[in-house]
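Let's have the full structure, built from the sequences with the hints guiding it.
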Amino acid sequence: MCLKNEQPYKQQRTILGVRESFDEVQEAVLTLMVDQQYSEHDLFSVRVALEEALANALLHGHSGDEEREIEVHWHVTPAHVEIQVIDQGRGYDPEAIPDPTATENLTLPSGRGLAMIRAFMTEVELNERGNHLTMIRHK
Amino acid sequence: MAEHSLLQIFERDGITNVEFVESNILDEVCIRRIGDELISVIERKGCPKIVLNFQNVNALSSSALGMLITVNAKVGDKKGKLVLASLEGPIRDVFRITKLDKAFTLCDSLAEAMSSVR
Chain A
0 MCLKNEQPYK
10 QQRTILGVRE
20 SFDEVQEAVL
30 TLMVDQQYSE
40 HDLFSVRVAL
50 EEALANALLH
60 GHSGDEEREI
70 EVHWHVTPAH
80 VEIQVIDQGR
90 GYDPEAIPDP
100 TATENLTLPS
110 GRGLAMIRAF
120 MTEVELNERG
130 NHLTMIRHK
Chain B
0 MAEHSLLQIF
10 ERDGITNVEF
20 VESNILDEVC
30 IRRIGDELIS
40 VIERKGCPKI
50 VLNFQNVNAL
60 SSSALGMLIT
70 VNAKVGDKKG
80 KLVLASLEGP
90 IRDVFRITKL
100 DKAFTLCDSL
110 AEAMSSVR
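If you read the sequences in order, they're chains A and B.
Letter by letter, the first sequence follows residues 0 to 138 in numbering that gives the first Met the number 0.
Letter by letter, the second sequence follows residues 0 to 117 in numbering that gives the first Met the number 0.
Think of the hints as simulated: they come from the structure by calculation, not from any bench.
Partial pick of chain A residues on the chain B-facing surface, computed with a CB cut under 10 Å: (1) S44; (2) A54; (3) L58; (4) P99; (5) T102; (6) L107; (7) P108; (8) S109; (9) R111; (10) R117.
Glycine included, every Cβ here is placed at the ideal spot set by N, Cα and C.
Here's what the structure looks like:
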C-alpha cells in the first residue's frame, strides 16, 4: 500500500478517544477531500469508515477507555485518501467476529464496523496484532 | 437543565412518525439517547406503528444500526410494525451492504412508508 506523492496533503494527530477529537479528525480529512473535489459519495464513505475505525479503536482496542491515545495519519491526494488508525490495545482477530451479513446474524446488535469499513473503502489492511488499520479509498 | 430531544415525534391516525434532529447519527451518547427515546415511545403503545424518517440523515454508524435492531425487536415484541422511510443514496447503501435491508422494511418515500405501516 505504497502511495506516490501527488500534491500530498499529509497530516497526523494523536487524539484521545472522545467525540470532539473524532469530529475534529473527520472534519480535517473531509476538508482536504473537499479541496481535492471528491464527490459527496466519497465524503460519505470516508466519514463512515473513519467513524467505524475510531470507534473500533476506542471500544475494542482500548475497552472504552477515553484517556488512551489513538494515533491517526491521513494522506489526501487528488487520486486517493489513505488513513491509518493505530491504537494501543492488544488488537483483535477479525476472523473471530461472526459474519454480520449471514442470515442468522442479522439481528446481532454489533459486529458490523469492519464490514462497513471494507464496503466503503477500496483497500483495507489490518496488521497481524490487530491494532493498526490502514484503509484507502480511490476517487 | 433537561436535555433537548434528539427526535421530533408526530402522531397521526395511530401512526407515530419520527424524524431525527441530528443529521449525523454517529455519536455513541446520542445513539443511546435516541434508542432510549424510541423505546420509551414503544413502551407507551399497545401495538406500536412507527415510521422512522431518515430524510434529514447524512451519516449513520454501525452503532446506530445496532440501536435500530434493538428498537425493531422491541416493536416486534409488541406485535407492532417499524418502517424506515426516505432511505436513498448512501444511507440506503449502508442497509444494503450490511444486508439489513432484509431485516427492516425500507421505503423510498414517507408516503410509501405511511401506507406500508398501516
